[in-house]
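Here are the chains, one letter per residue:
Protein chains: 2
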Amino acid sequence: MTAKVVVVFACLFCGVTGGIRSVYADEGMWTFDNFPAKKVAQKYRFEPSQAWLDHVRTASLRIAGGCSASFISPRGLVMTNYHCVVDCVKAISTAGRNLVNTGFTADSAADEWKCPDFELDQLTAIRDVTEEVQKSLAGKTGEAANNALQAETAKLQQSCGSDPSIRCDLVSLYHGGSYDLYRYKRYSDVRLVFSPEFDAAFFGGDPDNFNFPRFDFDLGLLRAYENNQPAASSDYFRWSREGSKEGQLVFVSGNPGGTSRELTVSQLEFERDKELPALLPEIGEYRGMLEEFIATGPEQAREANENVFFIGNFFKVESGRQQALMDPQFFKLKVDEEKRLRDAVGSRSMASEAKAWDDLAQVQVERTKLYLRQDAMDGNFFFHSGLLGRAIDLVRIPTERAKPNGERLPEYTDQSLVEKKEELLASIPLFKDLGELSLRFAFTNLQRKLGADDPFVRKMLRNESPEQLAHRLVSGTHIDDSKERERLFNGGLAAIETSDDPMIRFAVLIDPDLRLVRKEYEAKIDAPTRSAAERIAKLRFAVYGTSIDPDATFTARLNYGAVKGFNDARGQWVPPYTTFAGLFERANGAPPFALPPRWLSAKSSLSLSTPMNFSTTNDIIGGNSGSPVIDQDARIVGLIFDGNIYSLGGDYGYDGTSNRAVAVDSRALLEGLRAIYHLERVVEEIESGR
Amino acid sequence: MTAKVVVVFACLFCGVTGGIRSVYADEGMWTFDNFPAKKVAQKYRFEPSQAWLDHVRTASLRIAGGCSASFISPRGLVMTNYHCVVDCVKAISTAGRNLVNTGFTADSAADEWKCPDFELDQLTAIRDVTEEVQKSLAGKTGEAANNALQAETAKLQQSCGSDPSIRCDLVSLYHGGSYDLYRYKRYSDVRLVFSPEFDAAFFGGDPDNFNFPRFDFDLGLLRAYENNQPAASSDYFRWSREGSKEGQLVFVSGNPGGTSRELTVSQLEFERDKELPALLPEIGEYRGMLEEFIATGPEQAREANENVFFIGNFFKVESGRQQALMDPQFFKLKVDEEKRLRDAVGSRSMASEAKAWDDLAQVQVERTKLYLRQDAMDGNFFFHSGLLGRAIDLVRIPTERAKPNGERLPEYTDQSLVEKKEELLASIPLFKDLGELSLRFAFTNLQRKLGADDPFVRKMLRNESPEQLAHRLVSGTHIDDSKERERLFNGGLAAIETSDDPMIRFAVLIDPDLRLVRKEYEAKIDAPTRSAAERIAKLRFAVYGTSIDPDATFTARLNYGAVKGFNDARGQWVPPYTTFAGLFERANGAPPFALPPRWLSAKSSLSLSTPMNFSTTNDIIGGNSGSPVIDQDARIVGLIFDGNIYSLGGDYGYDGTSNRAVAVDSRALLEGLRAIYHLERVVEEIESGR
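Chains as they are written, first to last, in the numbering used here: chain S, 22 to 711; chain L, 22 to 711.
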């Protein structure tokens, strides 16, 4: 699927970008304040009005962890994917009550179960702040530029006040070509209404993932609450009874996590030749560990089943990126695009800006020297998540809080701390055996990458092996208990200094080194990259204006397309719709092609010709999971949950001949909720729009 | 290390090669009948005589599984690496008697323990058969050419008679430029005399592997027996008391497994862009599974500890190859080399042969279409090893035996069956849990690569998941018992047809498909590759003569070099010798830097200044493990066990400025055997040469 984890992981590796691509049909992840309504009208004879756009924007939602969603009733009912709520399902499961396997239905409002650490964001306003930000950066380089941006960001975010139900994010578009302040209404009381069984939501598992035809019921229903009551959501999407038709115009509103279409050739070469060859085997290894872990018993399977699925998904995504870059024809397109822009610029006497490409090439040389260490320490996903990630947060917070807001690391500003606190204190299960596995992997990898004689490796391991260190830290820590995290959070510096928790002591030991590596990388790589990308963005505006959409940034975007099939690798036409009948044909009883009992017994009461999944030409990417597919009346006709295999190269460029988004059909959603899950109260709420 | 597994795994992926490289100092893996003695004399003022070469050849040995060795006494005493005998150590271990951990010392001749399925080969004669082989191939292409070569190979091997102590191999050098028949004396009663503890042999583990400075006691001692008596080995290497000195000329005699220095640019591009990007994440995943498997308990660790080490080694080797190919400067060297030869050829009016490069480029297009399936089915290491590999052999043998010798698959000719039978009936442990893990991995990967809808995948899995199929086959099979394998082997077709063993039935089910895929690949890829490579070899002879050594083929080779340090990545000079003192400094007690108790307690009785490991400029590669390092008096000064990190690119080309072989010093070997292991009877045998 177009998954959450894509964002979670991918931001470890995403760089600042800059460049130009060619324009294809239906391409574009457009911001709501620059939507090409006239272009849509030319091709599809429907021109979205400003009111239509505003309605769609406010009926759409972002899930802070990395997904999209939407309101589908005036009483705060929210539609998204199962794979976007699985963390909640897991958090409210226990060893004896495995809701991941069995699914969850709230038969009454009272049964709607609070999701720990879950946040929905509704975009309410966009303000252009380009001038202020660029002024604050003018003439500064390296660390000074980073400090200035950090201070300006904190100031702008702070300008929204301290109400925890308001969130403001500084959004950099076109890689610094423009800056906007996005203001969100923030819902942090979110409850689970419905989730299907893992086997229905992920039917076909890894083999079918990013493939089509497809047969998934990847639906999760939530409800936003305010003051312990269902939130009043006046802007919401109505449901389409008829669904969609082949060739029909459809829109997808969501939060694509990140694209790299504007990377320069030197940046693409870095990804192709350095980053991805190192990353993919590492994903493979961790995937193998998890696969073996879940094979050891049912409890281990409960703990990590969907981690295995997410890591497999991540692997496919990154492989798809690699394959795109290693395709010489595709790469030549990128080289030609860059040449066209540079040629166009050459004739505009902006030669001083045009040095940006050479600057970026030079940055890649420095990056090659620094990235392995940065990736192993500051960029290490396992250092900054799970038990150790929480320990590092707990250790850093008192120190950061003592600084003025504008001088803190961005994740600890007053506004960021609202979210950080919820995340830290949430009562979610942190499985120790899985945590030990992850740290074992992280420490071993760090030792491999930097070498056994590296001073940081020696400091970290002292006289222990990676395995011994991971075991000692995890077995001795108490921060898997949210009460202990709360005690440390509230206790400030004194609590940290007097704690003899081995995970805390370890975080204290390595924190200065992690900070140093981060600071060096930000100064030597991020700052000059941003500076060059800004100059390229200016050149691009000079040549193309804003007729090209900005690279995705996990912020609200709207795109358009049509319901359409495609030719597969053998040249065979794949039609755009599948049906329930096809699902039952494919279900052979063996995982991942085994249907849950509830589906098997409901077969006779289902209308088997109901369209189940469909493919469209919409230009989406990871982060769009859970996005509504709507028709020109802004009615729900589907629910995005994946792309086909050709969509994976979409990170670098959209190819309308084969790139397809994949969605659950609105007709299947209602039929399933009614005939399989008997959720009449919800069906009635959706259908009535009341 | 330069390991066994390199060969075992690597031949799944090795292609036929062809091309030309530039010549560097000390480069070359020379056959004994074309050794550049005069060139050595020019540089090092010592010219090996024919008698010297003959002596070195017959004192050297090959271990059939993928290593090198040598006689070091007239009573059949054999020196090789620990990592070359670890399969034997494991085979004679039990859950209660873990010799991998504790080491093994045969205090008397009666304690020398037979290694199941172990073969030593001593090269006794080389006969040029180029004319006969090329005549048999003349005018044939595709399947016809393959059949002709198969028949000619069987005929030539058969010409050595049926004595199981004689083995003849047809060796193709310069990729078909010439063919030799190598005649070996074959020792199949091989007994274990000594092995150290895993922690001493693999000190530094994966982090130190392919690095230098290094501190390993990677020694294994065997003894060849004939008629239940120690074999009389009149040609053997005497020991050097003084060892070596920096700058001294040294020779390495051994069996480098394979190099790819003569690949054309189109073949290199295939490896760089298709094969290695797919292979490395796969190795990573299997590695992760094994790492997690050994973490589950001590018995699992006993079963798979060294598998983890070998897979880590394999990963480093393949990564090193990838990095070499992805280095644009290095790749340009290969492009330039090819251009030079093609230019030279152009002026010799051999234009029809010169089409070979274009033919090979065309083969890569077809290969891209076929290799995934070939790799997943016929080339699948896990299908052709372990429990399923043995089942496939047992199923194929009766069918193959019924055919004339020259029409059988090469691994089932009369001569090959001698070895195959020993392998099949050997009483070695085949752990079911580990076997299930491997098949789970293999089936899952096959499903991923070919897709869930592939007809072979559907036939194989029917209504099972990869996990279910692996579990059913492994839990139900009895062929882990050597008695059952013997019954099936002796029972012929009837025993197979009436067996209800699920592994046998599965092998019967898939055998026709595996054969078809193999045949197609051999006809469409291997045959035209061989044809083109032969033509390129002819052109090369025309331009360069035989002044360039042929690519390695796991046959006897001799090379020369000097004891020498090198500059590391930071430009720091690494001196060529380490000492016992350095070992004790590095030993911090945490695996893989933990020394066995025996070493710790012997510290005071060791001469700490004894040189332990050293680096030389000799041009070696996987398969050379266990090779003796000798001085110009043909005395042992060391034992090859590894290369430095820069040696990994050596697959594609030798760079004398940094590529180093790594060996255990002869002085450390004797000091260790005496002061730590108290093996006086063996020390006395080595020192006296009697």
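Please keep in mind that the hints were generated in silico from the structure rather than gathered at the bench. None of the values given here were measured: they were computed from a predicted structure. Mixed in with the good hints, there may be bad ones.
It does not matter which identical chain is meant; a pair holds if it fits inside one copy or across any two.
Under the rule of at most 25 Å between Cα atoms (straight-line distance), these lysine to any residue pairs were calculated in the SDA-like manner [stated by the list, open to error]:
| id | residue 1 | residue 2 |
| --- | --- | --- |
| 1 | K480 | R591 |
| 2 | K360 | T126 |
| 3 | K111 | R607 |
| 4 | K540 | R591 |
Verification of the hints:
| no. | hint | result |
| --- | --- | --- |
| 1 | K480 to R591 | between (55 Å within a copy, 21 Å between copies) |
| 2 | K360 to T126 | neither (56 Å within a copy, 69 Å between copies) |
| 3 | K111 to R607 | neither (27 Å within a copy, 45 Å between copies) |
| 4 | K540 to R591 | between (49 Å within a copy, 23 Å between copies) |
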